[in-house]
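Q: Spelled out, the chains give:
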Amino acid sequence: MSGVIDLSALELRDAIAAGEVSAADATRAYLDAIETMDKQILAYNETFAERAMRQAEDIDKKRSAGETPDLLAGVPVALKDNICTSFGLTSCSSKMLENFHAPYDATVVGKLASAGAIVLGKTNMDEFAMGSSTENSACQTTHNPWDTSRVPGGSSGGSAAAVAARMCAMAIGSDTGGSIRQPAAFCGCVGLKPTYGRVSRYGLVAFGSSLDQIGPLTRDVADSALMLGVLAGHDSRDSTSVDRPVPDYLASLDKPIEKLRVGLIKEFHSESLDAEIRGAVDKAAGIYRDAGAEIIEVSLPHSRVDTDETGQLSSYAVACYYLVATAEASSNLARYDGVHYGHRTAEKVGGIVELYSRSRAEGFGDEVKRRIMLGTYALSSGYYDAYYLKALKVRRLIKNDFDAAFEKCDVLLAPTAPETAFGIGEKSADPLTMYMSDIYTISANLAGIPGISIPAGLSKSGLPLAVQLLGNVFAEETLLRAARMYEKSNGATRLIPEMVT
Amino acid sequence: MGDMQDNMLPVIGLEIHVELATETKIFCRCANRFGDPPNTHTCPVCIGMPGAMPVMNQKAVEYSMKVGLALNCTVPNFTKWDRKSYYYPDLPKNYQISQYDLPLAIAGHLDIPLAGNKVKRIDITRAHLEEDAGKNVHDFPAHTGVDLNRAGIPLLEIVTEPDLRNVEEVMSFARSMHRLVRWLGVSHANMEMGQMRFEPNISLWVGDPEKVFDESAGYFTPIFEVKNLNSFRSLERTCQWVIDYHQAQIAEKGKAWSLADVGKQNWGFRDNLNACEFQRGKEEAHDYRYFPEPDLAPVVVDDAWRQKIRNELDEVGELPIARQRRYLTEWKLTEKEADALTQDIATSDLCDHSVEAGADPKRVVNLLLGRGAAIANERGCVIGKIGISDVQLPDLAKMLTKGEVNATAADKIFDIVVDSDALPAKIAESEGLLAVSDAGKITEWVDEAIAKNPQAVEDVHAGGKKQKKAFGFLTGQVMQLSRGAATPAEVQKLLQEKLGR
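The listed protein sequences derive, respectively, from chains E and F.
For the first sequence, this note's numbering begins at 1 and goes up steadily by one.
For the second sequence, this note's numbering begins at 1 and goes up steadily by one.
Calculated from the structure, these hints are not laboratory results.
In this text the structure is predicted, and so the values were computed from the model without any measurement.
Beta carbons: idealized from backbone N, C-alpha and C, even for Gly.
Where hints are given, some of them may not hold.
[To be verified] Some chain F residues judged to face chain E by a derived CB distance under 7 angstroms, without partners named:
1) Tyr87
2) Gly145
3) Tyr219
4) Phe220
5) Asp287
6) Arg289
7) Pro298
8) Val300
9) Ala346
10) Leu423
11) Ala425
[To be verified] For each label pair, taking beta carbons as the anchor points, the in silico distance ranges come out as:
12) Thr148/E with Asn228/F: 24 to 32 angstroms
13) Thr141/E with His138/F: 55 to 63 angstroms
14) Pro298/F with Glu294/E: 33 to 41 angstroms
15) Asp254/E with Thr40/F: 52 to 60 angstroms
16) Asn228/F with Gln40/E: 43 to 51 angstroms
17) Met373/E with Lys255/F: 50 to 58 angstroms
18) Gln58/F with Glu50/E: 53 to 61 angstroms
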């Protein structure tokens, strides 16, 4: 069945529906790919081979019985390991939850199942989604399929690597500060963070509840539109999900937008930006101009990126994010105490407080501890106003900047990440530098707007480049269509890493 | 010290926790039920499962609004949820969803009755809604269990200003609140089931009692907060104990025993010791790190919604304290009677409706608090629900007033009527309980009694000590022969005539 795994999810779905390929054969092909490839990539924490084959056979039976195939019938997908499944583990790549069996399915898991998707497995991530390289995992270190000495980005690094290495047709990630878009950029896939409230978070293990959003990692924009159509919608179990109609993203996808207004974010386009990435953004602007779009320079002053004399980057958005996200995380992760949930110390302890502190000391990794401490501090009596409340005010200013920009533009064009995939271990010792990986993605989470990272060819050293488009709230349709315009003209998408071919 | 002790005034504020009697819990759809086997009313939401999210129960908010409006509070247009962080085994998420700075109701008052027909206005600071915690169960030899059936039950916390000045006022306020929430039908407020709990904050003002809070005129002793008192008795004992304790401390330590020097302390009431025990001082005070709950939208109360609840409150009609005043002033009842009749809405309504039907208030009250109270006690229900209707009761009261039945017969009719739909007049007739004042009929019974009891007749004639007793005995015999229907005055008159006295 060689070739099956080269099909996009949409192509595969159609092939299965047409009876050209069986779901069982497709699933088997992906399981084989995982078998051979994942020894080097280490993208999956767990796979469900038997379950997946059973699901696939069911799909085939239904098709033979003449049932109309569902939107993703027979399409094998991977789930980030922070999305609760009633089967297998939901570890969040943490020692804390190494044995956690969720008794229920996340809403998105139910939606995928109803759409006929086949779950191949759960993918590696930075512990509790905290990180930009997937190195903060208690399970394993995932390698970038484009260069196995490099990271796949993070925190949805396992999902991005699995998509890039053709070990699934598409994958689900979560994005709190760039965790879908940055690994998509590093691995040469399309990564979409929807508007906050577009996709239900019920069953997503929370990190920063006001920022988290589930979204697709796919090979191309069409698959992204396909998957978003399945995931999006109001959920009565998530009060922050918004009750508004879900458009047919695929139907309109190939229709170019006339008189598209593309904003070029001044603050993200500075001299200090990596030349090749800057070149990719310029090239994208050129493509849009050629397609008849108007390119407008816009300013997001509160998302400004500064560089000090040592070359260290800084930004209000990053500072704001690391107060809001960590404050929420310190509360969200409080339940992992060895009593209610999570690892419990085997040591003899003198009382409940020691049981809590020892269990947490053993169960959490360094980065998680760092963020819990930061967030706890930011919420502490006497510091709340200076840190957390101040961050909320900055967040409002950042949002206001976007509102003003979207009065003039339909989409904003920016880099996704300040660099291409970096080496494993390269930044582990310097958390602050690592935090700057999200410098161009974080603002979208703070503002609640959707963003998509699209492959933009390869760098001179053969690593994927990417550009990012940001849209107004609930303007995913526009965002996807604009992304598709670029993808079509650029002709540099669906790149395949050498090791896969 | 003498002067000081003369000028010691308790200053007490009360927090009252009321579990609301909604069908389901506050953030999930588990049943809100007491007494079932542990952990049978639980789901991913109320046990704080990773990934689960709360969804607000509108009924709980409406019940709270109703209490707020009944307490003359302002129900603001905008309120929100906050997380209150602390680690405890009965708190699944290690944070409680509560309301911090923008509660559902603010700035109200309750007029409480005091001895001597007095009334005092107690100001209400606020009332906010939160989720109840679970319950630690210490029934096991080697470990503590946690029952989470209670976790997530809606809990309304009502906070007073420190307006209470003695134990009597505290108790009157507590009882008034207890009555009010039952009256409104928003809580069963069953103390043994922990559905109403008290937390007094107690301090003594040492100085000019006319100038409490004026720092130049005196000072406060340390504030003692005593949590989780779940009976009126323990509340009363606690307040008295703390007041006595403070007086002893002042005698011993003088001005060193002050709020400024010692701060606020937490004490717990120990039932078996009938005393309070130190728990923690200001040094160990919790920092709850409140911040807005990102999983829930703020609650916006518009005029229409507020009016709807106000209309519901209007339908409830006159509230218990107002009724008490009316009974005292218009019906001239005693404080004890007025109190007993306003324990619950059913009893008070039965009473009011009977009087509206034309019965004499005093007759109605005597019937209800006499035989009615006895039956209620036997049946374990409130007087208003023993089974006599607001048609039957006035009928019976009117018969008494007209002399159609005597008191003994009325009690017998009462006993029958609670299990019957028949009118008392009909029962009196069919049971032969109508008062007989017909001299001919009574003479027959008198003759029979005299004939059957020669010894008693002899004793009456003999005079002296035994005379009174024997006469009473004969009267009783006649009453018995008449099956209670004879008019006692007529019986005595005829007996006296026959016995020639």
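Q: None of the hints should be skipped; say for each whether it holds.
A: We went through each hint and held it up to the structure:
no.	hint	result
1	Tyr87	holds (6 angstroms)
2	Gly145	violated (12 angstroms)
3	Tyr219	violated (25 angstroms)
4	Phe220	violated (22 angstroms)
5	Asp287	holds (5 angstroms)
6	Arg289	holds (4 angstroms)
7	Pro298	violated (11 angstroms)
8	Val300	violated (13 angstroms)
9	Ala346	violated (37 angstroms)
10	Leu423	violated (53 angstroms)
11	Ala425	violated (57 angstroms)
12	Thr148/E with Asn228/F: 24 to 32 angstroms	violated (59 angstroms)
13	Thr141/E with His138/F: 55 to 63 angstroms	violated (46 angstroms)
14	Pro298/F with Glu294/E: 33 to 41 angstroms	holds (38 angstroms)
15	Asp254/E with Thr40/F: 52 to 60 angstroms	holds (54 angstroms)
16	Asn228/F with Gln40/E: 43 to 51 angstroms	violated (59 angstroms)
17	Met373/E with Lys255/F: 50 to 58 angstroms	violated (41 angstroms)
18	Gln58/F with Glu50/E: 53 to 61 angstroms	violated (44 angstroms)
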